[in-house]
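Please build the complete structure, drawing on both the sequences and the hints.
Protein chains in written order, with my numbering: chain R, 1 to 281; chain W, 1001 to 1250.
One or more hints might be untrue.
Some residues of chain R that are not near chain W, with every Cβ distance over 10 Å (derived) [said to hold, decoys possible]: (1) Phe12; (2) Lys17; (3) Ile28; (4) Leu170.
Computed footprint of chain W on chain R; a stretch qualifies when at least three of its residues, placed anywhere within it, have a C-beta under 8 Å from a C-beta of chain W [what the hints assert, rightly or not]: (5) 34 to 41; (6) 188 to 202; (7) 212 to 220.
Simulated from the structure, these hints should not be mistaken for lab results. Backbone N, C-alpha and C fix where the C-beta goes; we use that ideal spot for every residue, glycine too.
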Amino acid sequence: MLNHDDQFVSHFDASKKSNLAEFVSRNIREVVVYRYALFNFVNTNLSSRYRRSTLGFLWSLLNPLFTMIIMAVVFSSLYKLPFSQFSLYLFSGLLPWNLITSSMVGGSMSIILAEGYLKKIYIPKIIFPLVTLGVEVTNFLFSLVSLFVLALFFGAKFGWSLLLLPVALLLLSLFLFGIIMTLSIMTVFFRDLSHILQIGLLGLFYLTPIIYPISMLSERLLGFIKFNPFYSFITLFHIIVYESKPPGSIEWLVCAGLATASMLLGTVVFQLYEKEVIYRL
Amino acid sequence: MSAFIELDQVSVKFRIYHNPNPSLKDAVVNWFTGNKKLNDYRDFFALHEIALKINPGDRVGLIGLNGAGKSTLLKTISGIYKPHQGKISIKGRITPLMELGAGFDPEQTGRKNIYLNGALLGFSPDEMKVKELEISEFSELNDFLDLPVKYYSSGMYGRLAFSIAAVTDPEILMIDEVFATGDGHFVEKSTQRIQQMVEKSSILVVVSHNIDQIRRLCNRIIFLDHGNVIADGGPEMVIEQYQQKLASIK
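Now the structure itself:
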């Protein structure tokens, strides 16, 4: 409970330029104060997603499972690869990819769709990109369960490397949060951004080795594809889940670097334009 | 409790854009064609260099014509609008009775919305659990609380929204013309409740076009016009000025 009196003291001075450290500490403080609202939004969002179906919550497990099985059947026969082996490869890449696309598309709309709240009551804007990330990461965890069920079914071995999965997920989440912060603000100024984003993501999907094995690519194409930042994250998941071994330090460093850069970008964009957003909604 | 609100030369600018729905496509096209119209806008001051100090015990009524900046001032105090100029300092928990049901999710039940709305006001689920019964009794919704809010009549909707706001103990109470929802019986009940809340609160800021109501609730009136404070003081003096203004436009 907000018993501290200081939590209800606020100062705002338009002539003072807020610096990055101040901005970050204020936002962290506000997220703590509004944490119940955050949990509530994530909760209602998740429950309304599955409420209308009889199987309800089970759909969150079955839907990705069936989608992936169909894709695995199609592509393993196309490439003439053993189904059980290819399906694990496909799933370990497709699940994080789904997290990437749904959180980017959802996140880009998060502030615009919150107009009803933002214009009527004070609520820190950072909450809404966070809600998107929270919802999508929870969804990812659900579908991870179905991935493991499937892996067990095909007799895949669970290695110690799986213990590194939370670290990979954390890095990916940070990377995505930076991007979502940037997108959520940009969409307010460019309303067609989310359409462009969906097309762009479709292109990137084929530029990331998910539905084809990396060995199918020529050396030259591979060099090109490595510039795709999503490649590094998908590779991280491939190594941990599919190859079942710990990623090397280069892989970790690249992803950590990308996550840091993205968080920095998102924070700067948010700091610069956060106050302007309400006047453009 | 020493709640206060202090505004120092606060200005809020609104921009009317030539193109209210900017798109990346337009931006790119205009960049190539050198068309600058996209970014055309007109500034106007919704609030212009407002300096105010509201002290504990103040019951402030904001009056003025439509578009004078009354609601903008309320929203600026509650932090929705960040001013382009000036300083704001506030101490005390703000309870807004602005747009009833602002934080409602129509798909969720009334009971769930109690928690959601409470969370937006900064209350934990445990605290709301304590208040739930009181809200249920005051709103007289009882079994309807387990129905999604979208099936509510507008009277029921308003009753629930008011009841949630009514069980919080406000230090700074902000009211934007939200009285009187529901049937006659509930209107009477909520009017009484507002009176109680006003008495308990340290500071009241209320926007209303209803002069009788303002007279009843307030001990200080601020008359706004085009974002400027025209008069600030005791009720009778300011109300007279306001009525002269009203008469002059007729």
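To see whether the hints hold, each was checked on the structure:
| no. | hint | verdict |
| --- | --- | --- |
| 1 | Phe12 | violated (5 Å) |
| 2 | Lys17 | holds (13 Å) |
| 3 | Ile28 | holds (16 Å) |
| 4 | Leu170 | holds (26 Å) |
| 5 | 34 to 41 | holds (count 6) |
| 6 | 188 to 202 | holds (count 6) |
| 7 | 212 to 220 | violated (count 0) |
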